[in-house]
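Please model the complete structure; the sequences and the hints are all you need to start from.
2 protein chains.
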Amino acid sequence: MSDNRPTMIDTDVHNSMTGKQDLLPYLPKAYHQAWLAYGAGYGGSYLGTGAHSVTRRDARPDGGGPPASDPNYVIRHHLAPYGIDYAILTGSGILGISLVSDPDYGNVIARAYNDWLADTWLKASPRYKGSILINHSDPQAAVQEIERMGPHPDMVQVIMCSGSRNLFGQRMFHPIYEAAERHGLPVAIHPGTEGRGNAGPPTPSGHPTRYFEWHNIIPINYMSHVNSLVCEGVFEKFPELKFVAIEGGFAWLPHLMWRMDKNYKGLRDQVPWLKCKPSEYIRGHILLTTQPIEEPDDPAHLGQILDMIGGDHMIMYSSDYPHWDFDNPKVALRSIRRELRQRIFADNAIQLYGLSEKPGEGASV
Amino acid sequence: MSDNRPTMIDTDVHNSMTGKQDLLPYLPKAYHQAWLAYGAGYGGSYLGTGAHSVTRRDARPDGGGPPASDPNYVIRHHLAPYGIDYAILTGSGILGISLVSDPDYGNVIARAYNDWLADTWLKASPRYKGSILINHSDPQAAVQEIERMGPHPDMVQVIMCSGSRNLFGQRMFHPIYEAAERHGLPVAIHPGTEGRGNAGPPTPSGHPTRYFEWHNIIPINYMSHVNSLVCEGVFEKFPELKFVAIEGGFAWLPHLMWRMDKNYKGLRDQVPWLKCKPSEYIRGHILLTTQPIEEPDDPAHLGQILDMIGGDHMIMYSSDYPHWDFDNPKVALRSIRRELRQRIFADNAIQLYGLSEKPGEGASV
Chain C
830 MSDNRPTMID TDVHNSMTGK QDLLPYLPKA YHQAWLAYGA GYGGSYLGTG
880 AHSVTRRDAR PDGGGPPASD PNYVIRHHLA PYGIDYAILT GSGILGISLV
930 SDPDYGNVIA RAYNDWLADT WLKASPRYKG SILINHSDPQ AAVQEIERMG
980 PHPDMVQVIM CSGSRNLFGQ RMFHPIYEAA ERHGLPVAIH PGTEGRGNAG
1030 PPTPSGHPTR YFEWHNIIPI NYMSHVNSLV CEGVFEKFPE LKFVAIEGGF
1080 AWLPHLMWRM DKNYKGLRDQ VPWLKCKPSE YIRGHILLTT QPIEEPDDPA
1130 HLGQILDMIG GDHMIMYSSD YPHWDFDNPK VALRSIRREL RQRIFADNAI
1180 QLYGLSEKPG EGASV
Chain S
830 MSDNRPTMID TDVHNSMTGK QDLLPYLPKA YHQAWLAYGA GYGGSYLGTG
880 AHSVTRRDAR PDGGGPPASD PNYVIRHHLA PYGIDYAILT GSGILGISLV
930 SDPDYGNVIA RAYNDWLADT WLKASPRYKG SILINHSDPQ AAVQEIERMG
980 PHPDMVQVIM CSGSRNLFGQ RMFHPIYEAA ERHGLPVAIH PGTEGRGNAG
1030 PPTPSGHPTR YFEWHNIIPI NYMSHVNSLV CEGVFEKFPE LKFVAIEGGF
1080 AWLPHLMWRM DKNYKGLRDQ VPWLKCKPSE YIRGHILLTT QPIEEPDDPA
1130 HLGQILDMIG GDHMIMYSSD YPHWDFDNPK VALRSIRREL RQRIFADNAI
1180 QLYGLSEKPG EGASV
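Chains as they are written, first to last, in this note's numbering: chain C, 830 to 1194; chain S, 830 to 1194.
Take these hints with a grain of salt, some might be off.
Intra- or inter-copy, both count: the list cannot distinguish identical chains.
Once the Cα atoms are required to be at most 25 Å apart in a straight line, the calculated SDA-like pairs of lysine to any residue come out as [as the list claims (entries may be wrong)]:
{"hint": "1", "residue 1": "Lys-1104", "residue 2": "His-1003"}
{"hint": "2", "residue 1": "Lys-1094", "residue 2": "Arg-889"}
{"hint": "3", "residue 1": "Lys-1106", "residue 2": "Gln-1133"}
{"hint": "4", "residue 1": "Lys-1106", "residue 2": "Gly-1132"}
{"hint": "5", "residue 1": "Lys-1104", "residue 2": "Glu-1124"}
{"hint": "6", "residue 1": "Lys-1094", "residue 2": "Pro-1158"}
{"hint": "7", "residue 1": "Lys-1106", "residue 2": "Trp-1153"}
{"hint": "8", "residue 1": "Lys-952", "residue 2": "Gly-1013"}
{"hint": "9", "residue 1": "Lys-1094", "residue 2": "Gly-868"}
{"hint": "10", "residue 1": "Lys-849", "residue 2": "Trp-1102"}
{"hint": "11", "residue 1": "Lys-1106", "residue 2": "His-1036"}
{"hint": "12", "residue 1": "Lys-1104", "residue 2": "His-861"}
{"hint": "13", "residue 1": "Lys-1106", "residue 2": "Gly-1140"}
{"hint": "14", "residue 1": "Lys-858", "residue 2": "Phe-1067"}
{"hint": "15", "residue 1": "Lys-1066", "residue 2": "Thr-1038"}
{"hint": "16", "residue 1": "Lys-952", "residue 2": "Tyr-1093"}
{"hint": "17", "residue 1": "Lys-1106", "residue 2": "Asn-1157"}
{"hint": "18", "residue 1": "Lys-849", "residue 2": "Ser-921"}
{"hint": "19", "residue 1": "Lys-849", "residue 2": "Trp-864"}
No wet-lab data here; the hints were simulated from the structure.
Given below as structure tokens:
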């Protein structure tokens, strides 16, 4: 193996603007007032995180500004100390633009954000790789945005919020997958918008009461989307498509795989387009990031769960920097067998995002 | 241990009426027409089960009528052949009355059903134990029904559908728990009404497309309710309350427990009424029934999941007779260690429902 191969890739780093004004040069003037007044406009969360903030205070740049708003500070504070070669950028406070009622607004914000990202962070260091933000509520506009930004050499995936009024296997979303597959880009979802904007309640029985309860239950939306993608035959229709489930955990996968496979035996006449067991589509097409990693009292249980999932290529390390529930790469996954650790910390992201060489010149601060 | 101790208890048997006319003697005349026209009235499911029916054809009584509509035939066809001492009856096609818009209708149907159940099945054999059906959308009426039927010696729990517009930890439901705890009755939920009647969509991202996809994802509603019950402090407020999650699987529990416990470390200032880790409330108060049991390719994985759950007293065998996805007690759980199997097949239900002796005279057909 080449000495120049990356040893750690962080697949979920939340780059932030320094303020709303950052987007104005990229936004049509007609939208300036709305952007400055409402921002991404998809509404509040469940009364915050309690005693502490969503973002780590120590992630504020020494030169001022919000946490993770300075590319150079993020290298000094996060990437360099942990030996992280690449950070996959996932944005901050803007992912939910798919949940604004006005699709034109969502579309222009996504477009402006992508231009800003390319002009700032992606130029600041080759360590940064971008995610093309789309508005999934307007799939045709999302396709146009993938066409526009897909050729950018530092954009490595498409990203959209997991909050949605419709399950992602459904046909309205297929043009997005067709475009992503054609550009060789994975489609990633990120949580945190469940029950916000014009998404429905975040559980089948309405709204949780507090942030704690809401945060506990977010992965059920991931289970719903993964189930939908498989059942609707998305991976038969788009056999090269990879789907990345960021920040949703993974210990729920064995249960879902087993239940889907069991039901498939009795009910597969309803999904005649499936050619193998549901769990095989999951293993072949779904990747998941580690943070917030499940932490059983007995660390051996985590290894057992990974064995049940049975796909060593499916999990990728993420820190969720600069959020409060950050997973330190020196602590996470210590009990996992060495070869799987290496896959999780580097190899799986190397393969998915095509990052087989360490970043070149300009990578240091 | 006494020779007279039950060796197998089936905690989910769907007794059926022979037809709608069965309920008329118990229903106020003003509701006869509506009942005959609309039945339980909570709407259809996701285009059925495909090629086969929801109920097993061989469960139709030899004397005619719908599957599981003849108490004596159910003994001959199901209980006797497998050596099942007791069947906990959970009803059929009527559980969702909480999801009819008109609460008066839901209340009278629940009341009539309970009277019919007591007059027929519970008199047919001491092997049958009943669940008091309530309309959870009208908690005060539900409390009255628990008061009315709670003293019946063969009613062993309260049952309500898991489909709901609100999460079961929320305060509107607390009078139900207070009444159930006072009568020493567990509160059980049963799935199958997710997304039906006036419940919200069965996922955070809308409706699944087909029955297969819908059935795969039902347990997310269970996860949501368990999370809500714990976070809202229901088990601090009602320390003797037991909550039974019927037919929702259990392999999702380790994930939920770990996620709740991890978040509790950072966010417990939001739930100051909790005095121990969320997983401890789950182990102390939640019981789950086995069917549809998860069936991993490697049977050892099921034992690992049970070890992760860590509560040998939490799981109870159920067959779901006469439904299509029935779990045969001779096949299910074969790989599980002997002592735990005995707890699952008998001891846990003996303890929960107070059934320490085999049924007495009249138990044979």
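Checking against the hints above, which ones are violated?
9, 10, 12, 14 and 16
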